[in-house]
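Student: Below, each chain spelled out in residue letters.
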Amino acid sequence: MDNEIWIEQLDEAVTAVIAGTDASLPSTDAGLAELLRVAVELRDLPRADFKARLRADLERRAFMSKSAVKPIREGFHTITPYVIVEKAEELIDFVKQAFGAEELFRGTGTAGGIHAEVKIDDSILMMGGGGGADLRKYWTPTGLHLYVKDADAVYQRALEAGATSLGGPVDQPYGDREAGVKDPSGNHWYIATHKATGHMPEGLRAVTPFLHPRGADRLIDFLERAFGAEEQSRYQTPDGVIHHATVKIGDSMIEMGEAHGPWQPMPTTFFMYVEDVDSSYRRALAAGGVSQGEPADQPYGDRVGGIRDPFDNVWYLATHIEGA
Amino acid sequence: MKAQARDTAERLAIEAAQKDPARFAVLYEDNFERVYAYVARRVGDRAEAEDLTSEVFHQALASLSRFEWRGAPFAAWLFKIAANAIIDHAKRNAKEVELPESVDLSSDSSFQEIEDEIEQRARLFKQVDLLPLDQRRVIELRFAEEKSIRDIASELGRSEGAIKQLQFRALEKLRAQLRDE
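Residue numbers (numbering that gives the first Met the number 0), protein chains in the order written: chain A, 0 to 323; chain B, 0 to 180.
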């Protein structure tokens, strides 16, 4: 039988299966009947977002059943990069395929945008987007430093998953074997294996946000005043241009290097847990941040406020408030 | 041997979750498709199936500390909760549904009958997750979201012919995987 006609017949039969009128289907050839048996079973296929939502509900419930409320939601650290792009679903699939990310949560907001939480090794990332061009102003492709056990293999997998190369794996003088890719949503992933201790340097986790500000020294100054950041390392030229610096906020690190050549600023969105969101929010405004929303209790159990720093990074400051 | 290893892994997962409820996720991931398949076949309505599945896992999490390992698989305990939840739900709503037999944990045959019925379907649901992205989206939109070929084509920006091709290839792949098991 002509293939196209056969596929048409299959679809007609599948439509009947879904509508529950398949009992009246005429007898079909054996091949078609076998596929329809699969289709009949698929009638009860659960929705993927239901499964993810229920898991998140249970995790929240499990956490609340423990005693005191900690200001940081279970499983999170001080800083969580919030990667917001046009095609969030594609990005989630990419990180699963390329980096073995585990999806912890996915939900849809009232404006049609997606919010998701994925875990890569020991690090949770928030991902969001979609919802059409109205939400364009929120899109923030991000630079991320990713430590893995085998940078060569992960680099290769990222390319196979649709990324483009920013540079193949090379041994760097600072002891990392490092490669770079740009994923289909425009995020930069600097994929590295640290060769001395374990596969990542002490103090860093699997994923660390990497900024390319224009005026890195001024950004460090802002982070110190607004969030109490502590500078951990700085490598700069004699005339003061920062090649690489790390700052620590709470239990998390941020890396940065002065914008140059292809590494231009990528304003980033951060979700940051603090002890007391109201006082942190006021301190950030006093340091030069611009309000993106006063602190308010959110239905998901956090009290959240937002500010934009002078480098266009957005910081959602949060304190976890809901518990047993 | 394989069944024994599975029992041991499950027992360890239960003990871990009893000590720390945050570890319940492992048991959830192992059993979600089974419970959903069991419930969905008995209530027939997607919203009710979701409500009841949710109720089963919330109840299981809440009473996990009282669960005692007596050799029966964890799924048997979940089916028992599910059977009771379906009966209660039907009574509350005074609706005609196919009421399940109560699940007798002391009877191997009772659990075996349920497992025979739902295991293949639960495995099939897990296999959908492993399909190539474009095929998976079509199957999810077509079956779980119950959308027409035309709507799926418009949502994914492809022709209706292309969507039908993807549906065909996905069904072929799922059939082959089930056959290989």
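Treat each hint with caution, since some may be false.
[Unchecked claim] Sample of chain B residues at the chain A side, in silico, Cβ under 10 Å:
#1 A15
#2 R22
#3 A24
#4 D29
#5 R45
#6 E47
#7 R65
#8 F66
#9 I80
#10 F124
#11 Q164
#12 F167
#13 R178
I should point out that these hints are in silico values taken from the structure, not numbers from a laboratory.
The model shown is predicted, which means the values in this text are computed figures rather than measured ones.
C-beta: ideal position from N, C-alpha, C; glycine also.
Student: Could you run down the list of hints and mark each one as holding or not?
Tutor: Structure-based check of all given hints:
1. A15: This hint is violated: A15/B lies away from chain A, its Cβ roughly 12 Å from the closest one there, beyond 10 Å.
2. R22: Hint on R22/B: holds, closest Cβ of chain A at ~8 Å, below 10 Å.
3. A24: 6 Å, holds
4. D29: Interface hint status for D29/B: violated (12 Å vs cutoff 10 Å).
5. R45: Constraint on R45/B satisfied, holds at 8 Å.
6. E47: 12 Å, violated
7. R65: 14 Å, violated
8. F66: Not OK, violated: F66/B not within 10 Å of chain A, min 15 Å.
9. I80: I80/B check fails; min Cβ-Cβ to chain A is 14 Å, beyond 10 Å.
10. F124: 6 Å, holds
11. Q164: OK, holds: Q164/B within 10 Å of chain A, min 6 Å.
12. F167: 5 Å, holds
13. R178: 9 Å, holds
In terms of the numbered hints stated before, the structure departs from hints 1, 4, 6, 7, 8, 9, listed from lowest to highest.
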